[in-house]
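So you can see what is in the structure, the chains are spelled out below.
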Amino acid sequence: MDNLKAIVESLLFASDTPLTIDKIKSILETADRKTVREALTSLAEEYESGKRGFFLAEVAGGFQVRTRPEYRQWIRRLKETRPARLSRAALETLAIIAYKQPVLRSDVEYLRGVDSGGTLRTLFERRLIRVMGRKDLPGRPMIYGTTKQFLELFDLKDLNELPALKDLKDLGETWPNDSR
Amino acid sequence: MTEQPQDMSAYQVDLGDLFDGPMDLLVHLVKKNEVDIYDIPIALITQQYVEYLEWMKSLNIDVAGDFLVMAATLAHIKSRMLLPTQEEEGDDEDPRMEIIRPLAEYLQLKYAAEDLMERDRLDWDVFVRRDFDGTEAWSEEEPGGLIQVGLFELIDAFQEIIKRVSPAYLWDLTPDTISVKSRISQIADILEERGSVTFQELFEAPATRVDIIVTFLAILEMAKFQLIRIMQHLESGIIRIFNG
Numbered sequence: 184m185d186n187l188k189a190i191v192e193s194l195l196f197a198s199d200t201p202l203t204i205d206k207i208k209s210i211l212e213t214a215d216r217k218t219v220r221e222a223l224t225s226l227a228e229e230y231e232s233g234k235r236g237f238f239l240a241e242v243a244g245g246f247q248v249r250t251r252p253e254y255r256q257w258i259r260r261l262k263e264t265r266p267a268r269l270s271r272a273a274l275e276t277l278a279i280i281a282y283k284q285p286v287l288r289s290d291v292e293y294l295r296g297v298d299s300g301g302t303l304r305t306l307f308e309r310r311l312i313r314v315m316g317r318k319d320l321p322g323r324p325m326i327y328g329t330t331k332q333f334l335e336l337f338d339l340k341d342l343n344e345l346p347a348l349k350d351l352k353d354l355g356e357t358w359p360n361d362s363r
Numbered sequence: 000m001t002e003q004p005q006d007m008s009a010y011q012v013d014l015g016d017l018f019d020g021p022m023d024l025l026v027h028l029v030k031k032n033e034v035d036i037y038d039i040p041i042a043l044i045t046q047q048y049v050e051y052l053e054w055m056k057s058l059n060i061d062v063a064g065d066f067l068v069m070a071a072t073l074a075h076i077k078s079r080m081l082l083p084t085q086e087e088e089g090d091d092e093d094p095r096m097e098i099i100r101p102l103a104e105y106l107q108l109k110y111a112a113e114d115l116m117e118r119d120r121l122d123w124d125v126f127v128r129r130d131f132d133g134t135e136a137w138s139e140e141e142p143g144g145l146i147q148v149g150l151f152e153l154i155d156a157f158q159e160i161i162k163r164v165s166p167a168y169l170w171d172l173t174p175d176t177i178s179v180k181s182r183i184s185q186i187a188d189i190l191e192e193r194g195s196v197t198f199q200e201l202f203e204a205p206a207t208r209v210d211i212i213v214t215f216l217a218i219l220e221m222a223k224f225q226l227i228r229i230m231q232h233l234e235s236g237i238i239r240i241f242n243g
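Just so you know, the protein sequences line up as chains U and C, in that order. What the first sequence shows, in this note's numbering, is residues 184 to 363, in sequence order. What the second sequence shows, in this note's numbering, is residues 0 to 243, in sequence order.
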C-alpha cells in the first residue's frame, strides 16, 4: 500500500481513543506490525519537523494525535468549559492506587490514615480506577487498580512509565508543594 | 480557644474525607517545627497534635475518629519511649518507627501525586478530537507561584487573625450575627464579582469573634464542596481565595 501512512493518519484523526498497533493492523488487514510501526514513527517525525499544532503521543498502550501543550490556552478558549478538578484528597488516593496496585481499600486508608470511601467513589465515577477482583479474605474486599483513562489523563504509555518514587533522604529540606 | 459562643454550637462542620486527614496534620507539624522526619521529637509533636484537635473541636469542626486514633497512637509511642529499654531484648526497635514508617511512605506518595499533576494532562494541557463533559468555565490564566493551601495552614492563618482582633470586639456576642449559610452566599457574591479575594480581606471590617469564626467555617464548607480554591503565594505568603 503506497498510501499506508496516509491511511494510518486518517485512522488516528478519526479515532477518539488511542489506537494500538494491533488495532490498526487488523483494520488494514494486510500490513504487519513492523510496517504499521514504521508508518507511525514516520508520522511522528513529520509532525515534529513540520512544527505542527499537534503531535503523536504514545499513551495507554496506543497512539493518539494530541494538541501540543504549548497551545493549551487557545484550545481552552475553543472548549470554553473545563473538566472537573481532582481534589487534593482524590489525587493522593489516585497516586496511592497507581503505585500500590493491586490494592485494597484498607491499604489505601492505612496509608492516608483516613476513611477513603468518598474519594474512591469519585475516582470510580470518573473511571480513573476500577475493581480488579476480590481478595480471598473475610468480607471478600475489592481490589482496586487504575484504568486506561488514568494512563490517558496523565500522558503515560503504561504503568512502568510512572515516575519513580523519590527517596525522601535525597530530598532534604524540600516538602511537597514547595518544589514549584 | 477557651470559651465558645452559645449560638455557634448549632453549626457542625463535617469535613468528610475530602479534606486533609491526620497524616496531613503530622506532615504539617513536622514541617512547621523543621524537624527530621526520621528523628521526630515525639513529645512535642504529640502535644501540638492534640492542641490542633482541641482547636478544631472548639470550632465545631467534626473531628473524625481517624484523628483520635492517630492521637492515641502518638500517646502510646510517647509512653513506650519513656519506658526503660531492657538490655536483654537488645534488638528493640525505636517505638517511633511505628509512625515514621507510614509517614515516610505517605510523604513519598504525596510527592508522586504532585509529579502526576506536573505531566501534560489530557483535557488540560493537551487535547484530542472529542467532547468532554466540561463543568465550569476556564478561569483566567492562573498566576504563577501559587500553591494549594491545606487545612492546617489555614488554621494557622486563622489563629493569626483571631490574635489580632481588638479586645473590644472579642467578646461582643451580639445576637444578630450572621449564620454560616448566609456568610457562604456573601462570599460567593464577592467571588462572583471579583473572581478572587484575599483570606485577610474576608475578616476585615469591624468583626466580632463570632463573625470571624462564622467566616472561617464558611470558607471550610466552600472548600469542601469545591466552590472555592484556596491558594497561597509562595513568596509573599498571602492566602487568596479563588472562585471554583
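Check each hint, because a few of them may be wrong.
For lysine to aspartate or glutamate, the following DMTMM-like pairs were computed, each having C-alpha atoms within a straight-line distance of at most 25 angstroms [unchecked claim]:
#1 LYS31(C) to ASP119(C)
#2 LYS56(C) to GLU292(U)
#3 LYS349(U) to GLU135(C)
#4 LYS56(C) to ASP298(U)
#5 LYS30(C) to GLU231(U)
#6 LYS349(U) to GLU308(U)
#7 LYS180(C) to ASP210(C)
#8 LYS331(U) to ASP122(C)
#9 LYS262(U) to GLU159(C)
#10 LYS262(U) to ASP210(C)
#11 LYS31(C) to ASP122(C)
Coverage of chain C stretches by chain U, computed from C-beta distances (three or more under 8 angstroms per stretch; other residues unrestricted) [to be verified]:
#12 45-59
#13 183-195
Covered stretches of chain C, as calculated for chain U (at least 3 residues, CB under 8 angstroms) [as the list claims (entries may be wrong)]:
#14 19-29
#15 210-221
If you are wondering where the hints come from, they were derived from the structure by calculation, not from laboratory data. Don't be surprised by glycine CBs; every beta carbon is placed ideally from N, CA and C.
* Are LYS56(C) and GLU292(U) close enough, with their CA atoms no more than 25 angstroms apart? -> Cα-Cα ~23 angstroms, so holds.
LYS349(U) and GLU135(C) were given as a pair; does the straight-line alpha-carbon distance stay at or below 25 angstroms?
Answer violated: LYS349(U) to GLU135(C) is near 34 angstroms, above 25 angstroms.
Practice problem: Assess, step by step, whether the Cα of LYS31(C) is no farther than 25 angstroms from the Cα of ASP119(C), and give holds or violated. | Solution: 32 angstroms, violated
LYS30(C) and GLU231(U) were given as a pair; does the straight-line alpha-carbon distance stay at or below 25 angstroms? The hint is violated at about 44 angstroms.
Query raised in the report: Taking a Cβ-Cβ distance under 8 angstroms as contact, does the stretch 45-59 of chain C have three or more residues in contact with chain U?
Result: Not satisfied, violated; 0 residues make the cut.
Check your understanding: Going straight from one Cα to the other, do LYS349(U) and GLU308(U) come out at no more than 25 angstroms?
Key -> Given that 25 angstroms is the threshold and the Cα spacing comes to 30 angstroms, the pair is violated.
LYS180(C) and ASP210(C): Cα distance at most 25 angstroms? Holds, because 12 angstroms separates the two Cα atoms, which is no more than 25 angstroms.
**OP:** With a cut-off of 25 angstroms on the C-alpha distance, tell me whether LYS331(U) and ASP122(C) pass.
**Re:** At roughly 15 angstroms apart (the allowed maximum being 25 angstroms), ASP122(C) and LYS331(U) satisfy the hint.
Review point. Counting residues of the stretch 210-221 of chain C with a beta carbon closer than 8 angstroms to any beta carbon of chain U, are there 3 or more?
Key: violated (count 0)
- Query: For the stretch 183-195 of chain C, do three or more residues have a beta carbon lying closer than 8 angstroms to a beta carbon of chain U?
  - Reply: Our answer is that it is violated, as 0 residues pass the Cβ test (under 8 angstroms) against chain U, missing three.
For a C-alpha distance cap of 25 angstroms, please report whether LYS262(U) and ASP210(C) respect it. 40 angstroms, violated
Compare the distance between the alpha carbons of LYS56(C) and ASP298(U) with 25 angstroms, and conclude whether the hinted pair is satisfied. 19 angstroms, holds
Of the numbered hints stated above, those contradicted by the structure are hints 1, 3, 5, 6, 9, 10, 11, 12, 13, 15, listed in ascending order.
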